[in-house]
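Make a model of the complete structure from these sequences and hints.
2 protein chains.
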Amino acid sequence: MSELLQPLEPLIQALRRLPGVGVKTAQRMAFHMLQRDQEGARQLARALVTAVDSVRHCEKCNTFTHETVCSICRDEGRDAARLCVVETPADLAAMERTGAYRGYYFVLMGRLSPMDGVGPKDIGLPELLVRTQEPALQEVILATSFTAEGEATAHAITELLQGRSIEVTRLARGVPVGSELEYVDLGTIAHALVDRR
Amino acid sequence: MSELLQPLEPLIQALRRLPGVGVKTAQRMAFHMLQRDQEGARQLARALVTAVDSVRHCEKCNTFTHETVCSICRDEGRDAARLCVVETPADLAAMERTGAYRGYYFVLMGRLSPMDGVGPKDIGLPELLVRTQEPALQEVILATSFTAEGEATAHAITELLQGRSIEVTRLARGVPVGSELEYVDLGTIAHALVDRR
Ligand SMILES: [Zn+2]
Ligand SMILES: [Zn+2]
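Note that the protein sequences, when read in sequence, are chains A and B.
Residue numbers for the first sequence follow full-length UniProt numbering, so the first one is 1 and each next one is one higher.
Residue numbers for the second sequence follow full-length UniProt numbering, so the first one is 1 and each next one is one higher.
Treat the hints as calculated values from the structure; they're not laboratory data.
Hints may be right or wrong, so weigh each one.
Intra- or inter-copy, both count: the list cannot distinguish identical chains.
Claimed, not checked - Think about it this way: if two alpha-carbon atoms lie no more than 30 Å apart in a straight line, the pair counts; the simulated DSBU-like pairs of lysine-lysine are:
no. : residue 1 : residue 2
1   : Lys24     : Lys121
2   : Lys60     : Lys24
3   : Lys60     : Lys121
Put into C-alpha cells, the structure is as follows:
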C-alpha cells in the first residue's frame, strides 16, 4: 500500500474483511463511498453496528431473528415429526418458497470446511443433537448443498444421528450437483423434496 | 426479499450501496460478517465513520489527505512548471512509482460520465481551472484513462484550457487502449510519459 493512499488505508483494510473483496476492489469501494456516497458510508456503518448488536440466533432453529424464538419455530401448526437441516437462512427461505414442506428447520449457518477452520461446533452440531431429542421427531431431512462440503456435512450429521430411532433422509439428486440450494429453481427443489431418500 | 431474511435486510440494503455489490453478494457478506466476523463488522463500521469524518481533499491537488495540503503539494523541490492530471489517488500513486515524473498533480476523483451523472463540477474542473492559473505553470499533462470516458475527460480539459499560454499534452498511447492506468505496468507508464504528445 503506497503512502499516498495512506489516508484510506484503515478503510481499505476493513473492507477487505468482507468475503470476496481483494485490495483493488476495496480501494474502489473506499473511493466510491468517500467521493460519491458519504451518506451510504454512514448508513452502512449504522447497519453493521445495529445488526451485530440486535440480530440473534433463534434458540430452536439457529436462524437469524430479532426475537428469542423465530416465527417459524413459534408456528404450532407445523409438522413436528419433520426437521429440515439447511446451511443458511437463504436456503431456509428457498425451501419455504416451494410450499412443499410444512415441518420445522435447523439452520447450520455454514457447512463443514476444515480448510477454512469451520468444524462441527461452528455449524451448531451440538445444538442440532439437542434439537433432535424432541420426542415427536421422526425424520431429519438433510438439505445441505450438493457440493463436496455440503455432502461432507450431510455425512457428518448422518453419523451423528446413527443409532437413534430417527429416519435420516437426503434431498433427492434432482438438485443439480455442484450447485448451492439458494440458486436452484423452486420446481427442482420441490421435486427433490418429494423424492428424498 | 423474504420475510425470513428480514432481520438482515437493513444491512443487506446498506451493503448494496458498495459499488459492484448485488443482492446475492450482499446477503453473503451480511451472513459472513454476522456469523464469522462480528469484530470485522465493528471494525468496518468504525473505519467508515472515521474516513467520512476525517479524510479531506488536498486544497491544491484534490487528492485524499488528513491535512489541508498533502505531502506532494508541500514538496517545494518539485517542478512547478508541470501539472499531471489523473483520475484517482491510485493513478497518482502509480505515476509516482515510475520515478519518471517530478511535477505536481491534480486528482479529478473520477472522470466525466454523463450516464452515471458525473459532470464537470463533480470532477473538480472549476478547481482545476483555478489551479492552472499559477504563473510558473507551463504544461498540463493529461494522464486520464485511455477509455472512452477518460478520453472524453481529457478532451474536456483540453477545451477548458484553450487560449491559455499553457501546453496541454497527453500520455503517449504506449498505455494499452481500454485499460485503466492503475493496472498498467510501470515501464509502460514511464515510456508513455517520455513520449507524451
Ligand atoms: Zn427458529
Ligand atoms: Zn495535494
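Here is how each hint holds up against the structure:
1. Taking the closest pair of Cα atoms, lysine 24 and lysine 121 come within 30 Å of each other only across two copies (26 Å); inside a single copy the shortest separation is 34 Å, beyond that limit.
2. Within a single copy, lysine 60 and lysine 24 get their C-alpha atoms only as close as 41 Å, which misses the 30 Å cut-off; across copies the closest is 26 Å, which meets it.
3. In this assembly of identical chains, the alpha carbons of lysine 60 and lysine 121 lie at most 30 Å apart only when taken from the same copy (16 Å versus 55 Å across copies).
Of the hints listed earlier, there is not a single one the structure fails to meet.
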